[in-house]
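**Q** Residue numbers (numbering that gives the first Met the number 0), protein chains in the order written: chain G, 0 to 622; chain D, 0 to 225.
FYI, nobody ran anything at the bench for these hints, they're computed from the structure.
Where a beta carbon is used, it is the ideal one built from N, C-alpha and C, also for glycine.
Among the hints, a few may not be true.
Unchecked claim - Result set (BS3-like, lysine-lysine): computed pairs, CA atoms no more than 27 Å apart in a straight line:
1) K601/G x K620/G
2) K3/G x K178/D
3) K607/G x K572/G
4) K106/D x K178/D
5) K572/G x K583/G
6) K27/G x K3/G
7) K106/D x K244/G
8) K13/G x K148/D
9) K147/D x K13/G
10) K432/G x K511/G
11) K391/G x K426/G
12) K13/G x K106/D
13) K178/D x K151/D
14) K148/D x K178/D
15) K402/G x K484/G
Claimed, not checked - Pulled a few chain G residues facing chain D out of the computed Cβ check, cut under 10 Å:
16) L9
17) P14
18) Y22
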Amino acid sequence: MDSKLERILLRVQKPARYTGGEYNAVVKDRGEVDTRFAFCFPDTYEIGMSNLGMRILYGVMNEMPGVWCERCFAPWGDMETEMRREGLPLWALESGDPIRDFDFIGFSLGYEMAYTNVLNMLDLAGVPLHTWERGEDDPIVIAGGTCAYNGEPLADFIDIFSLGEGEDVTKEMLELYQQCRREGYSRNDYLRRAAQIPGLYVPALYHVDYNADGTVSSITPEEGIPPVVTKRIVQDLDQSYFPVKTIVPSTEIVHDRVMLEVFRGCIRGCRFCQAGFCYRPVRPKSPEKLLEQGIAACQDSGYQEITLSSLSTSDYRPLPQLCDGLLDYCESRNINLSVPSLRADNFSMELEQRLQKARKSSFTFAPEAGTQRLRDTINKNVTEEDLMSACKTVFEGGGNAVKLYFMLGLPTETDEDVLGIADLAQKVYVNWKQNASVRARGVRITVSTSFFVPKPFTPFQWEPQITMEEYQRRVNLLRSAIRNKSIIYDWHDPDTSYIEAILARGDRRLGKAIEEVWRRGGRLDAWSEYFDFDRWIDSIRAVGLDPDFYAHRARTFEEVLPWSMISVGVRQKYLWREREQAYKSVITPDCRVQCMGCGADKLLCDGKCDEILPISARREKEA
Amino acid sequence: MAQMHHHRLRYEKSGLGIYISHLDTMALFQRAFLRAGLSIWQTEGYNKHAYISIALPLSLGFSSRCEVLEFDLESDIPLNEVPDRLNAVLPEGVRVLECYPARDPFKLLRTLDWTLTLEYDRGTPEGVEDALGEMLALPSLVIQKPSKKSKKGYTELDIIPMVHEWYVDQREDNRLMLKMKLAAQNPSLNPQLLLETFSDRWPAFRPDFVHYRREEIYLENGEIFR
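Starting from the given sequences, assemble the full structure and let the hints guide the process.
**A** Okay, structure coming up:
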C-alpha cells in the first residue's frame with residue numbers, strides 16, 4: 000500500500016470503506032485484462048454497496064474475458080481533504096490503481112442530489128470534467144440508473160448514458176470498445192458507433208435549440224444518429240445474471256443482507272411514480288429460481304438475513320409459495336426473512352406472523368393522499384376500507400404502532416385533501432380503540448408527509464411543483480388539524496425536494512449550474528450536513544437560469560420536453576391520457592385486471608407481460 | 000450464566016485487515032463460520048446469534064499475530080482442519096493460524112509483547128532511546144487515560160509499573176523498532192498512550208508515524224497464554 004495512504008487511513012473515519020480486500024472482491028491479473036472499468040457510485044461506500052444494481056453489473060462485467068470491473072465510491076469530506084492535500088488521485092478499491100488510467104468510468108445515478116458527487120469524483124480522479132475536453136487517453140465516462148432517463152443536466156460531463164437495465168447493453172458496449180481498439184478506431188468513432196447500440200444515448204451527438212421563452216424548440220441528432228433511444232430490458236429474469244457470489248463488506252453498510260429481486264416492473268401505475276412507468280413491463284422471476292439463488296447466496300455470504308425486493312412485493316403471485324420455501328431453509332438456521340413493500344389492500348397478518356419470529360409491533364402503509372378523490376387522481380388504488388382492515392388486523396394481532404406515508408402538493412390537491420390526512424389518522428386511532436388486543440401500552444400513529452416532485456416519464460411530468468411556501472402552508476394546516484397526542488406528525492423540509500424538482504426535469508443548460516454549485520463547494524448533497532440550499536439557488540441564478548422555470552412551470556402537451564429523445568417504452572400519449580384521467584379522478588385498473596396498452600409490452604420479444612412459465616416450458620427454453 | 004467455551008482460534012491481522020474495527024471483526028467471523036459450513040453454538044433468547052468472543056479488543060490500525068477468539072464448535076470435524084476452512088473464506092488481511100481447545104481463562108491473561116516501529120521522515124534523531132530510557136526509569140509517571148466510565152472523562156494511571164520490559168530492536172536511518180512487554184488487562188497500557196506521553200515530553204522526538212503490532216500474549220508466570 001502507498002505509504003501516504005497508509006498514514007491517511009488512520010486519520011479518517013471508518014477507513015475500511017477505502018481499502019477493498021473484502022470477501023468475494025474480484026482481483027484479476029493486470030496482464031490478463033485489456034479493458035479496465037471503474038464502477039463509481041456517487042455516494043459513500045455504505046450507500047453504494049447496498050445497491051443491488053451495482054452488484055449485478057460488477058458480476059456481469061467481471062465474467063467477461065479481458066474485462067476487470069472495480070469499485071469506487073465518493074470519499075467522505077475528511078478523506079477528500081486528505082486526498083487533495085496529499086495529491087492522491089481517486090483510486091479503484093480492488094487494485095488501488097488511479098481510475099484516470101481506466102478505459103471506462105461508470106456512474107450509477109439513483110438520485111439527483113448525487114450529481115455534484117459525479118463532478119467531484121471526476122475532479123478527484125484527475126479526469127477532464129467536460130466531454131469535449133477529453134482526449135484519446137482519457138476514460139469514456141458513462142452513467143446509468145433511474146436518473147439517466149433524463150440525464151440532460153449532466154450532458155456536459157457524461158459521454159454515454161446507458162438507459163434501462165444494464166445486464167446486456169453493458170456487455171455490448173464493452174465488446175464494441177474492444178473491437179474498436181483492435182481496429183484502431185478513435186474515441187469519437189467509438190462514441191458514434193456506440194450510439195447505434197440500442198439503449199445507449201450519446202448526448203454530444205444531439206443538438207438542442209431553445210425558444211425565446213426558454214423552452215426547448217428542437218432536439219436534432221447528428222446525421223446517422225438515431226432520433227430516439229429506447230431503454231433496454233432483460234427479457235428473461237430467470238436466465239439473467241444474479242450475483243450469488245457477492246462481495247461481503249468487512250464493515251457495516253446500510254442494507255447488509257441478501258437481496259432477492261422477485262420481479263421487475265409494477266402492475267399498479269400510480270401516476271406519481273417514476274419507477275412504476277420506467278421499469279415496465281412486469282417480469283416476474285420464478286419462485287424455484289429465487290429459492291435456489293436465495294439459499295446459495297446465504298451459504299456463500301454467511302448473511303443471516305434475506306430481503307425480498309421489488310416495487311410492490313405483495314403483488315408477486317407466488318409470494319406464499321416462495322416464503323414457505325425460504326422459511327423452510329431459514330428457520331432452522333436463524334436466518335431472518337423480511338418482506339418490505341407490502342400494500343394495505345392485500346396485507347396478510349398470517350404472512351407477517353410467519354415472517355417475524357420476534358413479534359413486530361410497528362407497520363407502515365403508504366396511502367399517499369388523504370381523500371379517496373385524490374387517491375383516485377394519483378391512481379393509488381387503496382381505499383379507506385383497505386387501510387382500515389389492514390390496521391384492524393395489525394391492532395388485533397397486538398401491533399401498537401402504525402406509520403402512514405403521504406405526499407403534499409400532488410396535482411389537484413385542495414385543503415380538504417390535506418385535512419383528509421388528519422381525518423384518516425384519527426380514524427386509524429379509533430380503529431385501534433375498537434380493535435386493540437393490548438391497550439395498556441397505548442398506540443403510536445406516525446403521519447409523515449413528503450413534498451411531491453414531478454418526474455419525467457410519469458403522467459405528472461407536465462405538472463408544476465407547488466411552491467415551498469405553499470407546501471409549508473399545507474404542512475401548517477395539517478399540523479393544526481392533528482390534535483391527538485397519539486398521532487405524531489413528521490414532515491420533510493421542502494428544500495431538497497425543490498432542488499430535485501429543478502434537476503429531475505432539467506435540460507442541459509443546468510450543467511453549468513451544477514458545475515457552479517460544485518465549484519462553490521457543493522458535494523455529498525444527499526447529506527444534510529453538506530447540503531446548502533442557498534448555494535444551489537445562487538449558483539443556478541449565477542449562470543443565468545431561473546429555478547422556478549424548471550420547478551413551478553406547467554408544460555403543455557405540445558412542448559418539446561428535454562428528454563424527448565428517450566423512450567422508456569411507455570407512449571407519451573398514454574401518459575397524457577393518464578394525466579387526463581387524473582384530472583377526472585378516474586382510476587385505471589392494474590395491469591392484471593386489464594391491459595391498458597401503455598406500450599411497454601412491445602419491449603418484450605413475445606409481447607407477454609407478467610408471465611411465469613411452468614417449469615416444463617422453462618426447461619425446454621433453457622435446453 | 001457464563002458457560003465454558005471450548006474452542007479457540009489464534010489469528011493474525013495484517014495489511015488491509017488492520018482497518019477492520021473490533022465490532023466489524025466479530026461480525027466478520029460470525030459470517031465466516033457460516034460460509035465455511037462450520038456450525039457453532041448460538042446464544043439463546045431474543046436475538047439469537049453465533050457466540051464468539053475476542054480476548055482483547057485490538058485498536059483500529061494495529062496489526063497482530065496473537066488475536067484469540069473463543070467459540071464452541073458444534074460440527075464434528077478435527078480442529079486442525081478449521082484454519083484452512085476459515086482461511087478459504089476470510090477477507091484479505093485476516094488469517095487463522097491455529098485452532099485448539101481452550102486452556103487458560105481470559106482473566107489470567109497478563110502481558111502482551113509489542114513491536115513498535117517509529118518512522119522519522121527526516122531521519123531518526125539521536126537520543127530517542129536515551130530519552131525514552133530516562134522517562135521509563137522514573138519511579139512513577141501518572142498520566143490521564145481517557146475513560147468513558149469516569150465522570151471526569153479520564154482516569155489516572157501510573158504507566159511505569161505497566162511497562163515490564165523494553166529494548167531497541169533495530170535502528171535504521173528513518174525507523175526505530177522497539178520491543179515492549181506491556182500490561183494487557185486490568186488495567187491495560189495501550190502503547191499509543193505511552194508514545195503520546197513520550198512525545199509530549201520530547202516534542203523533537205515525536206515520530207511521523209508508528210506501526211503497532213502485537214506479537215504474543217502471556218500469563219502471570221510468563222508462560223504463553225492459550
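**Q** For every hint, state whether the structure bears it out.
**A** Results of checking the hints against the structure:
1. A hinted pair counts as satisfied when its Cα atoms are at most 27 Å apart, and K601/G with K620/G qualifies at roughly 21 Å.
2. For a cut-off of 27 Å, the pair hint linking K3/G to K178/D stands: about 25 Å separates their Cα positions.
3. For a cut-off of 27 Å, the pair hint linking K607/G to K572/G stands: about 21 Å separates their Cα positions.
4. Taking the CA atoms of K106/D and K178/D, the gap is near 24 Å; set against the 27 Å cutoff, the hint holds.
5. About 17 Å separates the Cα atoms of K572/G and K583/G, which keeps this hinted pair within 27 Å; it holds.
6. About 24 Å separates the Cα atoms of K27/G and K3/G, which keeps this hinted pair within 27 Å; it holds.
7. With a CA separation close to 40 Å, the supplied pair K106/D and K244/G exceeds the 27 Å bound.
8. Between K13/G and K148/D the alpha-carbon distance is near 24 Å, which keeps this suggested pair within the 27 Å criterion.
9. With a C-alpha separation of about 20 Å, the suggested pair K147/D and K13/G falls inside the 27 Å cut-off, and the hint holds.
10. About 56 Å separates the Cα atoms of K432/G and K511/G, which puts this hinted pair outside 27 Å; it is violated.
11. For a cut-off of 27 Å, the pair hint linking K391/G to K426/G stands: about 11 Å separates their Cα positions.
12. Proposed proximity of K13/G and K106/D is contradicted: the alpha carbons are some 30 Å apart, above 27 Å.
13. Between the alpha carbons of K178/D and K151/D the distance comes to roughly 33 Å, so the proposed pair goes past 27 Å and is violated.
14. In summary, the hint linking K148/D to K178/D is not supported, as the alpha carbons are separated by about 31 Å, beyond the 27 Å threshold.
15. Note on K402/G and K484/G: the hinted pairing holds, with a Cα-Cα distance of about 15 Å set against a maximum of 27 Å.
16. For L9/G, the interface hint holds, since its Cβ comes within 10 Å of a Cβ in chain D; the closest pair sits about 5 Å apart.
17. Taking 10 Å as the C-beta cut-off, the interface hint given for P14/G holds, the closest approach to chain D being about 4 Å.
18. Using the Cβ-Cβ criterion of 10 Å, the hint placing Y22/G at the interface with chain D is satisfied: the shortest such distance is roughly 5 Å.
Against the hints set out earlier in the document, violations occur for numbers 7, 10, 12, 13 and 14.
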